[in-house]
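Colleague: Here is how the chains run, residue by residue.
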Amino acid sequence: MPPASDPTIEWIKIGVQILGYVVGWVLVLKGWSIAQKAQRASENRKEVRAVVEGLATLVLEVQTAAVAYFTEQGEIPLKASEWWILSSIDRISRSFASLKDQIGFDVSKEITFFKRSITLTDFGEAGRKTRTVSDPLIQKIGGAGSTLLSAIDRELTRIYPLSNK
Amino acid sequence: MKKIVVATDFSRFPAGRFLTDGPFSGERFREDFLVKSLQDDGAVEIDLDGVVGYGSSFLEEAFGGAVRKLGLSSAAINKKIQLRSSDGSLIDEIRDYMNDSAS
Chain A
1 MPPASDPTIE WIKIGVQILG YVVGWVLVLK GWSIAQKAQR ASENRKEVRA VVEGLATLVL
61 EVQTAAVAYF TEQGEIPLKA SEWWILSSID RISRSFASLK DQIGFDVSKE ITFFKRSITL
121 TDFGEAGRKT RTVSDPLIQK IGGAGSTLLS AIDRELTRIY PLSNK
Chain B
166 MKKIVVATDF SRFPAGRFLT DGPFSGERFR EDFLVKSLQD DGAVEIDLDG VVGYGSSFLE
226 EAFGGAVRKL GLSSAAINKK IQLRSSDGSL IDEIRDYMND SAS
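Here the protein sequences come in this chain order: A and B. Start counting the first sequence at 1; every next residue gets the next number (the working numbering). Start counting the second sequence at 166; every next residue gets the next number (the working numbering).
Check before you lean on any hint, since a few could be wrong.
Under the rule of at most 27 Å between Cα atoms (straight-line distance), these lysine-lysine pairs were calculated in the DSSO-like manner [stated by the list, open to error]: (1) B:244 / A:109; (2) A:109 / B:201; (3) B:234 / B:244; (4) A:37 / A:79.
Anything over 10 Å on all C-beta distances counts as not near chain A; from chain B, calculated [as the list claims (entries may be wrong)]: (5) 172; (6) 187; (7) 196; (8) 206; (9) 207; (10) 216; (11) 222; (12) 239; (13) 255.
It is worth saying that the hints were derived from the structure and are not from the lab. The beta-carbon is built from N, C-alpha and C at its ideal position, and this holds for glycine as well.
Please put together the full structure from these sequences, using the hints given.
Modeller: Take a look at the structure:
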């Protein structure tokens with residue numbers, strides 16, 4: 001006849017078993033939660049990158065349109081070109097303002113510099129003169145566009161470091 | 166305080182610096198709306214939303230020009246001219262023009 005086991009030891013054994021299950025489930029849930037969080041972060045990153053890349057393309061288009069406007073080498077009528085440029089800059093500005101509020105993506109100074117370089121001098125003014133591609137204003141517009149694109153890259157890299165892309 | 170909604174009270178298509186540039190220029194907005202409201206009411210609130218876009222020349226002539234014309238100080242600008250926009254960078258840009266023109 002086997003010796004009767006100590007009830008205290010039996011309870012400890014059961015307790016350890018339960019604890020093992022609990023710890024196991026906690027680890028599974030924690031792992032799942034981390035995976036979900038990483039997936040969400042990855043999706044957000046992809047979404048932001050897609051939006052930012054679209055806006056960067058629009059910056060290039062505005063820059064090209066502005067040069068065509070001032071040199072009068074574009075195919076669209078000047079007045080239509082003016083409104084397209086203004087509304088596109090407004091869209092760029094508002095979209096980046098929203099990104100600044102949401103994730104701290106801040107290129108506001110560079111956008112203002114870009115906008116001023118195009119619309120502060122002669123833009124929409126009756127006395128506007130046709131410029132050549134070597135005109136300082138055209139060069140300023142090119143420089144401001146490059147500065148804005150560099151700032152966009154800088155903010156992308158700052159918020160989403162290269163190793164996490 | 167008088168409230169001006171640019172898109173409905175003035176135009177959805179403000180453009181140009183001077184009166185010679187078109188009917189909705191910065192100079193016209195300054196003279197017929199901004200300066201008039203400041204002289205009549207002492208202060209003005211301006212809602213900038215709903216417009217297709219603002220050129221910097223329009224903004225500089227309207228807001229910087231009003232500050233120059235009335236000889237406002239930086240402190241007076243903040244008390245007398247309230248700006249509303251969903252685009253914060255637009256407000257910053259206008260404030261730059263007003264502060265650069267302040268006495």
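Colleague: All hints are to be evaluated individually against the structure, with a verdict given for each.
Modeller: Hint-by-hint comparison with the structure:
1. B:244 / A:109: 25 Å, holds
2. A:109 / B:201: Violated, at roughly 31 Å.
3. B:234 / B:244: 17 Å, holds
4. A:37 / A:79: 49 Å, violated
5. 172: Holds, because the least Cβ-Cβ distance between residue 172 (chain B) and chain A comes to about 12 Å, which exceeds 10 Å.
6. 187: Violated: least Cβ distance 7 Å, not greater than 10 Å.
7. 196: 17 Å, holds
8. 206: 29 Å, holds
9. 207: 30 Å, holds
10. 216: 8 Å, violated
11. 222: Since the minimum Cβ distance to chain A is about 5 Å, residue 222 (chain B) lies within 10 Å and the statement is violated.
12. 239: 19 Å, holds
13. 255: 7 Å, violated
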